[in-house]
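Enquirer: As you go down the protein sequences, you meet chains A and B in turn.
Per this note's numbering, the very first residue in the first sequence carries number 1; after that it's consecutive.
Per this note's numbering, the very first residue in the second sequence carries number 1; after that it's consecutive.
Among the hints, a few may not be true.
Stated by the list, open to error - Facing chain A, according to a computed beta carbon distance under 10 Å, are these residues of chain B, among others:
(1) ILE10
(2) ALA12
(3) SER149
Stated by the list, open to error - Covered stretches of chain A, as calculated for chain B (at least 3 residues, CB under 8 Å):
(4) 18-29
(5) 71-84
Claimed, not checked - With beta-carbon atoms standing in for the labels, derived distance ranges:
(6) A:ASN98 - B:PRO140: 41 to 49 Å
(7) B:ILE29 - A:TRP8: 28 to 36 Å
(8) A:ASN56 - B:ILE10: 37 to 45 Å
(9) A:LEU85 - B:GLU52: 18 to 26 Å
(10) A:LEU99 - B:PHE143: 19 to 27 Å
(11) B:LEU3 - A:LEU99: 21 to 29 Å
Keep in mind the hints are simulated off the structure, nothing from the lab.
Backbone N, C-alpha and C fix where the C-beta goes; we use that ideal spot for every residue, glycine too.
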Amino acid sequence: MRTVPIEWFLILSAILFGLGVVAFVFKRNVITIFMSIELMLNAVNLAFVAFARAHNQLDGLVFVFFVIVVAAAEAAVGLGIVILLARNRESLNVERMNLLKF
Amino acid sequence: MSLPFIVFFICALFAVVGAVVLILAREPIHSALALIQVMLSLAVLYLLLGAEFIAAVQVIVYAGAIMVLFVFVIMLLNMRVEERTNFSKLAYVGVVAAFALLLWTAHWLAHSPAGRVVGTGAGSAGAFDTVELSKQLFRPYLFPFEATSILILIAILGAMVLARKEE
Chain A
1 MRTVPIEWFL
11 ILSAILFGLG
21 VVAFVFKRNV
31 ITIFMSIELM
41 LNAVNLAFVA
51 FARAHNQLDG
61 LVFVFFVIVV
71 AAAEAAVGLG
81 IVILLARNRE
91 SLNVERMNLL
101 KF
Chain B
1 MSLPFIVFFI
11 CALFAVVGAV
21 VLILAREPIH
31 SALALIQVML
41 SLAVLYLLLG
51 AEFIAAVQVI
61 VYAGAIMVLF
71 VFVIMLLNMR
81 VEERTNFSKL
91 AYVGVVAAFA
101 LLLWTAHWLA
111 HSPAGRVVGT
121 GAGSAGAFDT
131 VELSKQLFRP
141 YLFPFEATSI
151 LILIAILGAM
161 VLARKEE
């Protein structure tokens with residue numbers, strides 16, 4: 001039985017990361033921008049697992065584990081900030097968050 | 001066309017379609033559901049690569065806990081259709097540069113000897129041993145593992161302090 005080449009997983013990972021970058025740049029809502037960061041983290045995780053399989057080493061999987069833990073912590077703090085933003089301003093559009101803009 | 005190829009193509013298609021829907025959807029809840037679709041198809045790809053533990057963690061932590069948090073906040077804030085505003089023209093330049101960089105990386109992976117991936121493809125050797133993974137996690141990576149517990153504690157405290165209602 002032939003196996004799926006590792007390069008294909010890396011290409012899929014690159015495509016997903018690119019789509020995450022596009023979403024990050026073009027979305028207007030704070031929470032969807034946050035979701036596109038999660039998409040990019042997922043794409044990187046796929047590359048980690050693919051390389052771990054290619055070299056048959058477990059270190060890649062350990063790194064994926066840490067990325068997931070950090071993503072969970074980031075989601076908790078980030079969503080707290082989003083709730084705070086929604087409470088203090090009427091809109092969650094990033095274009096309207098220009099208080100610090102010179 | 002053997003079974004691993006079929007599974008890979010179906011899951012890759014689902015993941016890419018989910019990511020595109022995330023970009024095109026106008027309501028945040030639709031984007032969240034599309035992201036859950038991407039995460040579940042990635043979990044199947046992890047199984048295809050033999051990483052059972054990571055696949056389980058992906059479903060439980062990512063698709064379960066983190067996305068539930070997202071959906072909960074979307075419902076709490078009662079978000080509706082995202083409003084459109086003009087964005088910087090610089091965004092287009094950034095996107096083109098990002099994709100050019102990605103294509104260059106793919107080209108490098110395919111042609112450079114340094115980027116040549118050694119070893120076997122997915123589904124060839126057996127699964128990764130979860131026992132071995134835990135040994136890695138609790139011996140060489142013990143200190144970072146313990147540090148993550150502190151990180152999560154700080155994140156919990158930070159989220160509580162941020163979202164608390166002030167008297």
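Enquirer: Hint by hint, note whether the structure agrees.
Expert: Consistency of the hints with the structure:
Among the interface hints, the one on ILE10 (chain B) is violated; its C-beta lies about 12 Å from the nearest C-beta in chain A, farther than the 10 Å criterion. A hinted interface residue such as ALA12 (chain B) counts as satisfied when its beta carbon comes closer than 10 Å to some beta carbon of chain A; here the least separation is about 5 Å, so the hint holds. Annotation: interface hint on SER149 (chain B) holds; nearest CB of chain A at approximately 9 Å, less than 10 Å. Evaluation of the coverage hint for the segment 18-29 of chain A: fulfilled, as 11 residues show C-beta separations to chain B shorter than 8 Å, against a requirement of three.
With a cut-off of 8 Å between beta carbons, the segment 71-84 of chain A has 13 residues touching chain B; three or more are needed, and the interface restraint holds. Under the hint 41 to 49 Å, the C-beta atoms of ASN98 (chain A) and PRO140 (chain B), about 46 Å apart, fit the expected range. Against the hinted window of 28 to 36 Å, the Cβ-Cβ separation of ILE29 (chain B) and TRP8 (chain A) comes to about 32 Å, which satisfies the hint. At about 26 Å, the beta-carbon gap between ASN56 (chain A) and ILE10 (chain B) misses the expected band of 37 to 45 Å.
At about 39 Å, the beta-carbon gap between LEU85 (chain A) and GLU52 (chain B) misses the expected band of 18 to 26 Å. For the pair LEU99 (chain A) and PHE143 (chain B), the supplied restraint of 19 to 27 Å is violated, since their beta-carbon distance comes to about 40 Å. At roughly 55 Å, the beta-carbon separation of LEU3 (chain B) and LEU99 (chain A) lies outside the given 21 to 29 Å, and the hint is violated.
Of the numbered hints listed earlier, those contradicted by the structure are 1, 8, 9, 10, 11.
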